[in-house]
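**Student:** Protein chains in written order, with numbering that gives the first Met the number 0: chain A, 0 to 591; chain B, 0 to 182.
The reader is advised that the hints may include incorrect statements.
Example chain B residues on the side facing chain A (calculated, C-beta under 7 angstroms, incomplete) [as the list claims (entries may be wrong)]:
#	residue
1	Ile98
2	Leu100
3	Lys131
Quick caveat, the hints were computed from the structure, so don't treat them as lab data. As the structure is a prediction and not an experimental result, all values here were calculated from the model. Every residue gets a Cβ at the ideal spot worked out from N, C-alpha and C, and that includes glycine.
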Amino acid sequence: MTNSDIQEILGKYNNDRFRLMDILLDIQDKYGYIPKKFFNLIGQAVGLSSAKVEETVTFYHFFHTSPKGKYTIYLNDGIVATMKGRDNILKQFSEQTGCQINSVSKDEKFGLFSTPCIGMSDQEPAAIINKHIFTNLTVEKVNRIVRLMKKDTPIQKIIQTIYESDKVQNLIHTMVTDNIKKTGSVLLNKYKRGSAVKKSLNKNPEEILEEIKNSNLRGRGGAGFPTGTKWEFCTKSKQKPKFIVCNADEGEPGTFKDRVLLTNYPELLFDGMIIAGYTLGAEHGIIYLRYEYSYLKNFLQSKLEQYKKENLLGKKIVNSDFNFDIRIQLGAGSYVCGEETALIESMEGKRGEPRNRPPFPASCGYVNKPTTVNNVETLSCVPKIINHGSEWFKSFGTEESAGTKLLSICGDCGNSGVFEIEFGMTINEMLEMADTIETQAVVVAGPSGKIISENEFNRKICFEDLATAGAMIIIGKQRNLLEEVVPNFLDFFIDESCGSCTPCRVITTHAKNRLKKILAGKGTTKDLKDIKSWGNLMQKSNRCGLGKTALNPLLTTIKFFPELYERLIKDKEYISEFNLEKATADYEKITK
Amino acid sequence: MSKPIVATTSLAGCFGCHMSLLDIDEKVLDLFKLVELNKSPLNDIKKFNKKCDVGIIEGGCANDENVHVLKDFRKNCNTLIALGSCAITGGLPALRNNIKLKECMEEAYINNITTKDNNKEEIIPCDKDIPKILDRIYPINEVVKIDYYIPGCPPRAKLIWLTLRALITGEEVDIPYEVIKYD
Ligand SMILES: Cc1cc2nc3c(=O)[nH]c(=O)nc-3n(C[C@H](O)[C@H](O)[C@H](O)COP(=O)(O)O)c2cc1C
Ligand code: SF4
Ligand code: SF4
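Okay, chain A solo, but in the shape it has when bound:
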């Protein structure tokens, strides 16, 4: 790798510092890693200090500054993967490749790394190897994979051999199963591409905005903000250009429904974005695709090309005066980048640190221009609303939650996959659908949501009761909730906090230590009191949702499973864990 190699890549992006992510991704793709010695060169070319370049590189999981192996194996360390036997798979990879976790083998042939949930919770244990996905791994499959890698077999060939498929063009379906378990009336259903776009272009933007507002469509990315209102903010801004951003970061552990939409119904998303663009007067669309899903990039790109050919994208779309294009921006591994302002920062080539608001993206977003960020599923509802009308859309769901919702159901159940349900379904009904026995808890909306107990299973899935962006992790009675599940979630937040806010950076670790203390039988009533009061502090003093919800695994288990804590907690104000002998052991050893 020489200076001119790097310059060539920089040239491809016109030395544009807002494309730093692409520049770094290209370098890493081509050479396997991004050597520190080039930070200066990259910085100078794009007009940043080398420290700024380093900031970006070191923020993301999938960027490396040293070689990471010819074959780089990433294993999900999320709870569902662990429940499905990830530890055995890890052990096998480790033995066969000679790599400890998070290291590279001596001959630099293999790298073995941990990574948070990769969006395959319905087919774990799974691994990402050189951007390709290997699902439903068994010890035997691992042996075969490593054997093929030792023979330097190309990665696609390995996939085809392991999954016994010759369908090269269909590689994405070979790697990953869709697991659509329940289709519904809105999303997982027939759609003629372009139909809603054509219908929209015959109306004026105000009419469409009115239709979306009237449909009561609410954001499917978590917060449930009314989409029509969000769009309206953006229409009010006179600045140009405007941007429509699709949030395909899908980082909440246990979620994979956007993956299924992107794989099977990309037309719904594209049309949703085009219609949003037309309504808001935006000419550019960007899909921020999580790195874990980069195996979908070429597929989506080819679909976009088809759109251009059919004049559904580009200049003067279907003979109207409206221009619109869509590009795909890959992320590089970071949960907080799913937060819309962090996502914008990331798209601008920076660390994914959420911004202070105001100003809101609607007036000052990507490259400080008016920007609307919507989840894949939200945008995918739009063409259906246009085609069938807002009243039709409202005929599904509940009073405050119109339409249907995709659930990603996984964990201890016989039937995991994606289900399109009407808002208002109860957890009990969901569990039946998912074929469960002996359910101890359901993690509604992933680690940042709620861990609820049996007593709550008659509650409804909808914004007015149990809101979720889709993740539903089912925890069977055989699991130890406090030993296995809660610490796993806390570790996730500790690792993924961007570090800007002190409470988010610090209290997460303190809370985990308190839990450890409680589990060691040294917990006191004061520990519980402290954790509860920290919950309040975290809500008030952190900048983004990550920090605000990071203690939820503890707070909701304290609330819904009080007996688990009561069993462990001593009715005392203070217990010291300090042990002088242990604390001086190192010193004794050093001075022996």
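Assemble chain B with the ligands onto chain A, guided by the hints.
**Tutor:** Chain B with the ligands alone, transformed into the frame defined by chain A:
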């Protein structure tokens, strides 16, 4: 009523907190009108000779002697106050907490410029008379129960004064925001 008895000590601290205590200027005289001082570096009483009402601790625990002193304070004082960042969180000395003790000791006694050529035998001092260094700095509340915390590095004189006065007189403290705001 007899005067409340106060003791103070500095563990792994820099004495800055004690200096801040003295920074209450002429109010020191008022303070000593209100309290009797027992074991403290301020009067050089080395050993508790009475049960005390209030113990004020500066600094965290860096070695076994700190631990013994702290436990002694807990035994002899009804109320313990952690004074300043070092006592509350470990503070500045806790910067070493992410570095292995062996590495710290080697840097201090073997590898640094002043010892490099002067410690050929690579000796790390150890004697039964020198305190044993702990594997990390411990905030004092991890070792004994602490009743009150006065934040700051050092805490402002006024904050110390207001807290102590309130504790002694039993009146509610009204601490102005500026006194505990640090950024
Ligand atoms: C830490 C964090 C992670 C998030 N991750 C995602 C995500 O992966 N996908 C998503 O659509 N929204 C995510 N969100 C929500 C977004 O900030 C934003 O609300 C959403 O993309 C807006 O789209 P919607 O209105 O269509 O839901 C996340 C929020 C936070 C605080
Ligand atoms: S809450 Fe946490 S993740 Fe969010 S901005 Fe603050 S430090 Fe970063
Ligand atoms: S808190 Fe600050 S002033 Fe007090 S002992 Fe520690 S370093 Fe010194």
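**Student:** A separate judgement is required for each hint: does it hold in the structure or not?
**Tutor:** Now for the hints, and whether the structure bears them out:
Checking Ile98/B against chain A by beta carbon gives a least distance of about 12 angstroms; that is not within 7 angstroms, so the hint is violated. Interface hint status for Leu100/B: upheld, as the beta-carbon distance to the closest one in chain A is roughly 4 angstroms, under 7 angstroms. Hint status for Lys131/B: holds, given a least beta-carbon distance of 5 angstroms to chain A, under 7 angstroms.
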